[in-house]
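Taking the hints into account, I'd like the entire structure generated from these sequences.
Each chain, letter by letter, is given below.
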Amino acid sequence: MQRALLECVLVGAAGAALGCWIVLYELSYSAESLAHALFPGLVVAALAGFPLVLGGAAGVLAAACAIALAARAPGVEGDTAVAIVITTLFGLGVLIALSSPSPPGLDGLLFGDLLGVSASDLATAGALAAAVLVALAALHRRLLVVGFDRGAARAFGARPLVADLSLLALAAVATLIAVRGLGNLLVAAVLVAPAATARLVTRRLVPMMAVAAALAVACAAAGLYLSYYAGTAGGASVAGLLVAAYVSVRVVRSVL
Amino acid sequence: MSGPLLRVEGLAAGYGGPPVVDGVTFALHGGERAGVLGPNGGGKSTLFRALLGELRPLRGRIDGPARYGFVPQTERSRLDFPVSALDVALMGTLARLPWWRRPGRADRRLARAALARVGLDGLGRAQFGELSGGQRQRVLVARALVQDAPVLLLDEPFSGVDRPSAELLERLLVELAAEGRAVLIATHDLEQVLGWDEVLCLNRRQVAFGRPAETLTRAVLEQTYGGAVVALPGEGEPLGVLPAHHHDHGGDGPSTR
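Residue numbers (our numbering), protein chains in the order written: chain A, 1 to 256; chain B, 1001 to 1257.
What the hints contain is simulated information worked out from the structure, not anything from laboratory work.
Watch out, some of these pointers could steer you wrong.
[Claimed, not checked] Label pairs and their in silico Cβ distance ranges:
hint: 1; chain 1: B; residue 1: G1010; chain 2: A; residue 2: S254; range: 43 to 51 angstroms
hint: 2; chain 1: B; residue 1: A1113; chain 2: A; residue 2: T232; range: 53 to 61 angstroms
hint: 3; chain 1: B; residue 1: R1056; chain 2: A; residue 2: V162; range: 14 to 22 angstroms
From the three backbone atoms N, C-alpha and C, an ideal C-beta is built for every residue, glycine too.
And the structure:
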């Protein structure tokens, strides 16, 4: 249980801070797609007995580049390109998993297992979360310039393509952190929902990140208790609470 | 007089297809303000993008500074982005600092001084998107001041700007030239250009370049604006222009959002 809580803190802090950029750059769909696109990597790793992180990493970096480049291809709409890339990869993952004589636990890969997080999972998550936060701090000013006015960014020394690729690569890393606990299908919730909620109530980026991170950690911890005592699925409880938080803030704001 | 800060020779630039603007040849010295006139799609922004190094010249050459101060069209920036006026002004330090460095106290002082210079003293903490159109334009000018470059490019800085902002901006252009900088300003206002040192007329190619009073003849204006030219009272005087589209003088007055 303690390990699960710590995992929540790591996933919440790194995912929510990164999620703020994902939301501001309108990359939510790409980020969610990335999580699905790494599925074949997870399946292969599970079948071969490698750590899930390694399998996911191999697939996801290629997928990140494919999505970023496909979205910029002239004549192909971004959404279309992304949809093709992810359905292909996700389908491939399912195909591999189901054609194996001893299928890996698809449940765990798709929906995660917060309570089954091991000490080494935790150490990996910690290292990756630290890497994400350091990278965000280093990229902060460039991301700000590009996000503010993409067309003029180069005149100020920042490149939009580099910013997009960096964010998607970091989203890939965040996905790897979260996938063990939340699963392939629910990772996007921790990236997008806290940031979207924080955006409703803050006016500056750093406060937005702080609120998003606090919200993510709180919802993750609450979801964990809920699943422990009420016997609900862990990842789904966390995701449900995050979305509920967004909806309630939205409703409260529209009433006030 | 020392050599020009910016020299362009036979420049052609475009976006992969045929050139959007061709045959551009001019030189700008320190202390000069030059207006860039032309219809929409005439190549003003394309010229700026080529100068900034975003477009590789198809032909010709550009001898310019390593860095420009740049004021893009204000409506391109996102109003929903969670940044303050000071945050935006500080963006001007990005290219000057090594990538791992964050802006320090000296940079913040510089950015605050730039905001004060455009008359936004005390508005550093204001949300960019909540400022009026003229104030937003001035924040973008402050960002270009922070860039501290020898040549400044301003892309239609007077569009949709209230009168006090426009007057302040005019005075600032005089000051910047007096500091020995060269300033290139895309605009639609002929009257204004007549007060400056040079004018560059573009309509997919260079129509003319020179001193405004001598350069802005009826023939040049007709070629620049495709015939939509109307004479102003006064014989032999330069002419007024009615561009077929694109007059945003509706913005004369603080914008209300």
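**Request:** Determine whether the Cβ-Cβ distance between R1056 of chain B and V162 of chain A falls within the hinted range of 14 to 22 angstroms.
**Result:** About 18 angstroms separates the Cβ atoms of R1056 of chain B and V162 of chain A, which means 14 to 22 angstroms holds.
**Request:** Indicate whether the distance between the beta carbons of G1010 of chain B and S254 of chain A respects the range 43 to 51 angstroms.
**Result:** Because 59 angstroms falls outside the window, the suggested range is violated.
**Prompt:** How does the Cβ-Cβ distance of A1113 of chain B and T232 of chain A compare with 53 to 61 angstroms: does it lie in that range?
**Reply:** holds (57 angstroms)
Hint 1 alone, counting from the list given before, is not met by this structure.
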